[in-house]
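S.K.: Each protein sequence line maps, in turn, to chains A and B.
For reference, each letter of the first sequence is one residue, going 1 to 246 in our numbering.
For reference, each letter of the second sequence is one residue, going 1 to 266 in our numbering.
It is worth saying that the hints were derived from the structure and are not from the lab.
None of these values were measured; they are calculated from a predicted model.
C-beta atoms are modelled at their ideal positions from N, C-alpha and C, and glycine is treated no differently.
Take the hints with a grain of salt, since some may be wrong.
[Stated by the list, open to error] Not everything, but these chain B residues come out facing chain A in the computed CB check (under 10 Å):
no., residue
1, Val15
2, Arg27
3, Ser34
4, Ser40
5, Leu55
6, Leu56
7, Arg65
[Claimed, not checked] In silico negatives: residues of chain A with every beta carbon more than 10 Å from chain B:
no., residue
8, Pro78
9, Ala82
10, Leu144
11, Trp194
12, Gly198
13, Thr236
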Amino acid sequence: MGDRPVIGITAYVERASWGRWVDVPGALVPHRYVGRVEDAGGIAVVVPPRPDADDGVAQELLARLDGVILAGGVDVAPELYADERHASVQASRPDRDTTELALARATAALDVPLLGICRGMQVMAVAAGGVLEQHLPDRVGHDLHSPAPATYGNHHVSTVPGTRLADILGAAADVPSYHHQSVLTHPGYEPSAWAEDGTLEGMEDPSAAFRVAVQWHPEVGTDTRLFRALVEAARTYAAGRGAARG
Amino acid sequence: MPLGGGRRVADRRAVVGVTAYAEDVVRDGPERSSCRLVSSRYVDAVERVGGVAVLLPARHDCDERLAHQLVEMLDALVLVGGGDVAGRWFGEEDHPAIGPVDEGRDAFEIALAAAALAADLPMLGVCRGMQVMAVADGGSVEQHLPDRLGHNDHATGTVQPGGIHRHLVGTAEGTVTRGILGEQFEASCHHHQGVDRLGGFVASGWSADGVLEVMERPGPGFCVGIQSHPEVAADDRLFAALVATARPAGPTMRTRGFAGRAALPP
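Kindly produce the complete structure, drawing on both the sequences and the hints.
M.R.: See the structure below:
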């Protein structure tokens, strides 16, 4: 067996408390993302956001990574895709927006396997020139996608036949969900899953080796299939890169 | 031309691995959740001196091969602070005053430090990180400094900003440490353990009360352990030296390069 593929997981910088430290800034990710990657056979490294991230930084990172996960988090700044900010939009994190948009662009240019989760899917859409729905309950009239603070919803999604996502998950799945925004337009990506209320739940780039996004949280719950698919794609990518350098 | 082609070596940035804590964290809301994280101060310091930081979560199944793979991926390594190193790694019983230990993190970081030493990867160990470096090189930890010093000044104050203990450290003539930090510097520290046996390191800084404060490894690369917290003091000099010494073209040129970089010399 060759080396394990290295998966970069984007991170939060948040004020947090741990041990004897109270309310100090930390670069962090929930352990679930790391554990899922490790269980699938990958090596997880964490990519902190930085306000000055550009293509050069993204390239430096991708030179070491075989796959990327754009993790969940707060809303993408609406100024990046819309004229007005909905009152419900959370305080923006320019460092994360900048870093993750750069990674979305650079992974596309290099065809590095990419899995977008929740906010990550929205970042991918915005990076491609797409538009988000800023407050989903305004349209669907319910809050099942995010029932209460710190409470995951659980709902049904149907995959689109013939997509990569349908290959991985089959025709349908019940998924943990925690979001109040969704993707409306997504240039370059095909829809790969829908909720019963018409919310786009998955999208993917059919021309890419592995460029898959879901609106739900596969790191929550017990379904490991998306992480295993990402790590397998990353293994293939790493092998191809190894062969290219001869 | 996609990204990756034709960048000059001078444009490249060192990718610096930074070890991470495993902690139950409280963010907005009352609930604790298990996270992998590091104080932003380390990341900020690496970024201020021109590096690109990636965090390395400890994993309990780290073997020599995995540590080697991580070292090959990186241009430099920072071993950060944290809890006490368990005594078993240097053949001792745990001292009664030892804090909660995380043997998984110990094993991961010791393996990583050993692989970095073997590969001459530029490395900076901070507080616990200095102790991990010594243990990885066959050294040991003095498990409770107050037993010898008769005071606990190095661990007074809180770990909050401004509450940390400050004292002067004198450096040894002719060392890399002296060249970077001068004859003396003000240390910001919070620890009750220290390095005892140095392995292959040499002492390069002491506090007035006889605590080993800085050690370095003789040789051309950069390999320094410091018992205090330069990232808390926002003293970037060691971080700058680390990044300046980071493997010049990065391991990617040699081992993981894109096709577009293949024309550059190995």
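S.K.: Compute the least Cβ-Cβ separation between Leu144(A) and chain B, then decide whether it is above 10 Å.
M.R.: About 20 Å separates Leu144(A) from the closest Cβ of chain B, which puts it past 10 Å; holds.
S.K.: With a cut-off of 10 Å on the beta carbons, see whether Val15(B) makes it to chain A.
M.R.: With a minimum Cβ separation of about 6 Å from chain A (threshold 10 Å), the hint on Val15(B) holds.
S.K.: Would you check whether Ser40(B) satisfies its interface hint, that is, whether its CB is within less than 10 Å of any CB in chain A?
M.R.: holds, 4 Å
S.K.: Hint Leu56(B) vs chain A: min CB-CB distance below 10 Å?
M.R.: holds, 6 Å
S.K.: Taking C-beta pairs only, is Pro78(A) more than 10 Å away from all of chain B?
M.R.: Answer for Pro78(A): holds, closest chain B Cβ roughly 21 Å.
S.K.: Is the nearest Cβ of chain B still more than 10 Å from the Cβ of Ala82(A)?
M.R.: Nearest chain B Cβ is 25 Å from Ala82(A), so the label holds.
S.K.: Going by Cβ atoms, does Thr236(A) stay more than 10 Å from chain B at every point?
M.R.: Holds, because the least Cβ-Cβ distance between Thr236(A) and chain B comes to about 15 Å, which exceeds 10 Å.
S.K.: Would you settle whether the hint for Leu55(B) is holds or violated, based on the nearest Cβ-Cβ distance to chain A being less than 10 Å?
M.R.: holds, 4 Å
S.K.: Per the stated criterion, does the least C-beta distance between Trp194(A) and chain B lie above 10 Å, as a non-interface residue requires?
M.R.: Given that every Cβ of chain B is farther than 10 Å from that of Trp194(A), nearest at about 30 Å, it holds.
S.K.: Gly198(A) clear of chain B by more than 10 Å, beta carbon to beta carbon?
M.R.: With a cut-off of 10 Å, Gly198(A) remains clear of chain B, as the shortest Cβ separation is near 30 Å.
S.K.: Do the numbers back the hint for Ser34(B), that is, is its least Cβ distance to chain A under 10 Å?
M.R.: Hint on Ser34(B): holds, closest Cβ of chain A at ~4 Å, below 10 Å.
S.K.: Closer than 10 Å between Cβ atoms is the bar; does Arg27(B) clear it against chain A? Give me holds or violated.
M.R.: OK, holds: Arg27(B) within 10 Å of chain A, min 5 Å.
When each numbered hint is compared with the structure, no violation occurs for any of them.
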